[in-house]
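> Here is how the chains run, residue by residue.
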Amino acid sequence: MSLKKKVNLFSFRSILEENVIISYKGPFDRHILFVIGDYIKTTIGKNSKASKKIFNIFIELAQNISYYSAEINKLDEKKEIGVGTLVIGDHKNHYTFKTGNVVKKDDIIPIINKCELINSLDRDSLRKFKREQRALPPSENDGAHIGLIKVALTSANPLDFQIINIDDDFSYFSISVKINK
Amino acid sequence: MENLKIEGSHGAFFVPFVDFNSNSGRCELSGESYLENTSEFYDKLLEWLENYMENIRKPIYFNIKLTYFNTSSSRAILDILNLLKAYEDDGGQIRVNWYYEEDDLDMEEEIEDYIFDTDLDINKKAF
Chain A
-2 MSLKKKVNLF
8 SFRSILEENV
18 IISYKGPFDR
28 HILFVIGDYI
38 KTTIGKNSKA
48 SKKIFNIFIE
58 LAQNISYYSA
68 EINKLDEKKE
78 IGVGTLVIGD
88 HKNHYTFKTG
98 NVVKKDDIIP
108 IINKCELINS
118 LDRDSLRKFK
128 REQRALPPSE
138 NDGAHIGLIK
148 VALTSANPLD
158 FQIINIDDDF
168 SYFSISVKIN
178 K
Chain B
10 MENLKIEGSH
20 GAFFVPFVDF
30 NSNSGRCELS
40 GESYLENTSE
50 FYDKLLEWLE
60 NYMENIRKPI
70 YFNIKLTYFN
80 TSSSRAILDI
90 LNLLKAYEDD
100 GGQIRVNWYY
110 EEDDLDMEEE
120 IEDYIFDTDL
130 DINKKAF
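Read top to bottom, the protein sequences are chains A and B.
Going by the numbering used here, the residue at position 8 of the first sequence is 5; the numbering climbs one at a time, nothing skipped.
Heads up, the numbering used here is the position in the second sequence plus 9, with the first residue counted as 1.
Simulated from the structure, these hints should not be mistaken for laboratory data.
Be a bit skeptical, because a hint or two may be false.
[Claimed, not checked] Here are the computed lysine-lysine pairs in the DSBU-like style, where the Cα-Cα straight-line distance is at most 30 Å: (1) A/K89 x A/K178; (2) B/K74 x A/K46; (3) A/K71 x A/K46; (4) B/K67 x A/K178; (5) B/K133 x A/K178; (6) B/K133 x A/K46; (7) B/K133 x B/K94; (8) A/K175 x A/K111; (9) A/K125 x B/K67; (10) A/K22 x A/K38; (11) A/K125 x A/K46; (12) B/K133 x A/K175; (13) A/K46 x A/K175; (14) B/K134 x B/K94; (15) B/K94 x B/K14; (16) B/K133 x A/K76; (17) A/K38 x B/K134; (18) A/K95 x A/K3; (19) B/K14 x A/K125; (20) B/K133 x A/K38; (21) A/K38 x B/K67; (22) B/K67 x A/K46; (23) A/K102 x A/K175; (24) A/K75 x B/K53; (25) B/K53 x B/K67; (26) A/K38 x B/K94; (27) B/K74 x A/K125; (28) A/K95 x A/K46; (29) B/K74 x A/K175; (30) B/K134 x A/K125; (31) A/K125 x B/K133; (32) A/K178 x B/K134; (33) B/K134 x B/K53; (34) A/K125 x A/K175; (35) A/K76 x A/K101.
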């Protein structure tokens, strides 16, 4: 057995920003998503307008992870479920919703292009873009893309994304969106 | 022709409530839509409507009262609205009402985008 550094959860706590409502790392399995989604609706629901937006964003980004993450949970042999991280933060004037997951190197360029394109469009152009993507037959469109457009429209703020190199084959894709209160 | 009724449910996925009545032509789609297999679910609705349009050929009063739908449901909803538009273009009589919560500006925008996409006269009804 290799000598690994002891896991120190205090350092995990300190790297997370203050006012974190939820942080989760693991398989984006439907049962877990149900619990988190329900928590968003019922507890953050005191501010109903924002909670609806957070819920919308949560479903789209969580689905992207469960379908497209390059890190797979194989606890259930019948089903491969994407693994990722999710953090919801509560700030004075806004909430932040962040997700991160491992992606294959080959998938990086299309993701960056899509996020940059989305950020370059004003609201009307973004709505038009959503309609164009939605009208495409299922074989020609990528569910992840229309999901990201919807996330940008719902948050009404730019997609703040980052790619971090892991090794020759994989990178880490992290995305953060702001939801005004 | 039989009616189509699906009790909505709220679990790991959200199944919308469906009540399509072949006698009155009243069709209701409400609740929340986030499904495990979206096309399988909406195909049933499309099939019912196609059957009604072919065999009953009476007016359709379509009422939508969805408070949430994910992007894959939004495609299926577009298919339904396009079908209703085709019926209208073919001489069928339709009326579409879409109810949304007054302060839900995102939903209001979605409805406007559907009107733009389908050219259908959708009555936006805030509640």
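> For each hint, tell me whether it holds in the structure or not.
Hints, verified against the model:
1. A C-alpha spacing of about 8 Å is found between A/K89 and A/K178, which places the hinted pair at or below 30 Å, so the restraint holds.
2. Only pairs whose Cα atoms come within 30 Å are accepted, and B/K74 paired with A/K46 is accepted, the gap being roughly 18 Å.
3. About 37 Å separates the Cα atoms of A/K71 and A/K46, which puts this hinted pair outside 30 Å; it is violated.
4. Simply put, B/K67 and A/K178 have alpha-carbon atoms about 47 Å apart, too far for the 30 Å limit, and the pair is violated.
5. The straight-line distance between the Cα atoms of B/K133 and A/K178 is roughly 26 Å, inside the 30 Å bound, and the hint therefore holds.
6. Between the alpha carbons of B/K133 and A/K46 the distance comes to roughly 19 Å, so the proposed pair stays at or under 30 Å and holds.
7. Among the hinted pairs, B/K133 with B/K94 is consistent with the structure: their alpha-carbon atoms are about 16 Å apart, no more than 30 Å.
8. Only pairs whose Cα atoms come within 30 Å are accepted, and A/K175 paired with A/K111 is accepted, the gap being roughly 18 Å.
9. Restraint check for A/K125 and B/K67: the C-alpha separation of about 34 Å exceeds 30 Å, so the hint is violated.
10. Taking the CA atoms of A/K22 and A/K38, the gap is near 20 Å; set against the 30 Å cutoff, the hint holds.
11. Restraint check for A/K125 and A/K46: satisfied, since their Cα atoms lie roughly 24 Å apart, inside the 30 Å limit.
12. A hinted pair counts as satisfied when its Cα atoms are at most 30 Å apart, and B/K133 with A/K175 qualifies at roughly 29 Å.
13. For the given pair, A/K46 sits about 14 Å from A/K175 by alpha-carbon distance, which is consistent with the 30 Å threshold.
14. Our distance criterion of 30 Å between C-alpha atoms is met by B/K134 and B/K94, whose separation comes to about 19 Å.
15. Note on B/K94 and B/K14: the hinted pairing holds, with a Cα-Cα distance of about 23 Å set against a maximum of 30 Å.
16. Pair hint B/K133 plus A/K76 does not hold up; C-alpha atoms about 41 Å apart against a cutoff of 30 Å.
17. Among the hinted pairs, A/K38 with B/K134 is consistent with the structure: their alpha-carbon atoms are about 24 Å apart, no more than 30 Å.
18. Straight-line distance between C-alpha atoms of A/K95 and A/K3 comes to about 27 Å, which keeps the hinted pair within the 30 Å bound.
19. Restraint check for B/K14 and A/K125: not satisfied, since their Cα atoms lie roughly 34 Å apart, outside the 30 Å limit.
20. A C-alpha spacing of about 25 Å is found between B/K133 and A/K38, which places the hinted pair at or below 30 Å, so the restraint holds.
21. Between A/K38 and B/K67 the CA atoms are separated by roughly 40 Å; this puts the pair beyond 30 Å, and the hint is violated.
22. This hinted pair does not check out: B/K67 and A/K46 have alpha carbons roughly 39 Å apart, beyond 30 Å.
23. Restraint check for A/K102 and A/K175: the C-alpha separation of about 27 Å stays at or below 30 Å, so the hint holds.
24. Distance restraint check for A/K75 and B/K53: the Cα-Cα separation of roughly 27 Å lies within the 30 Å cut-off, and the hinted pair is therefore satisfied.
25. Pair hint B/K53 plus B/K67 holds up; C-alpha atoms about 20 Å apart against a cutoff of 30 Å.
26. Of the supplied pair hints, the one linking A/K38 and B/K94 is violated, its CA atoms being roughly 35 Å apart against a limit of 30 Å.
27. For the suggested pair B/K74 and A/K125, the alpha carbons sit about 24 Å apart, so the restraint of at most 30 Å is met.
28. Only pairs whose Cα atoms come within 30 Å are accepted, and A/K95 paired with A/K46 is accepted, the gap being roughly 19 Å.
29. Restraint check for B/K74 and A/K175: satisfied, since their Cα atoms lie roughly 28 Å apart, inside the 30 Å limit.
30. With a CA separation close to 23 Å, the supplied pair B/K134 and A/K125 stays within the 30 Å bound.
31. For a cut-off of 30 Å, the pair hint linking A/K125 to B/K133 stands: about 20 Å separates their Cα positions.
32. Between A/K178 and B/K134 the alpha-carbon distance is near 25 Å, which keeps this suggested pair within the 30 Å criterion.
33. Between the alpha carbons of B/K134 and B/K53 the distance comes to roughly 26 Å, so the proposed pair stays at or under 30 Å and holds.
34. This hinted pair checks out: A/K125 and A/K175 have alpha carbons roughly 22 Å apart, not beyond 30 Å.
35. Note on A/K76 and A/K101: the hinted pairing holds, with a Cα-Cα distance of about 20 Å set against a maximum of 30 Å.
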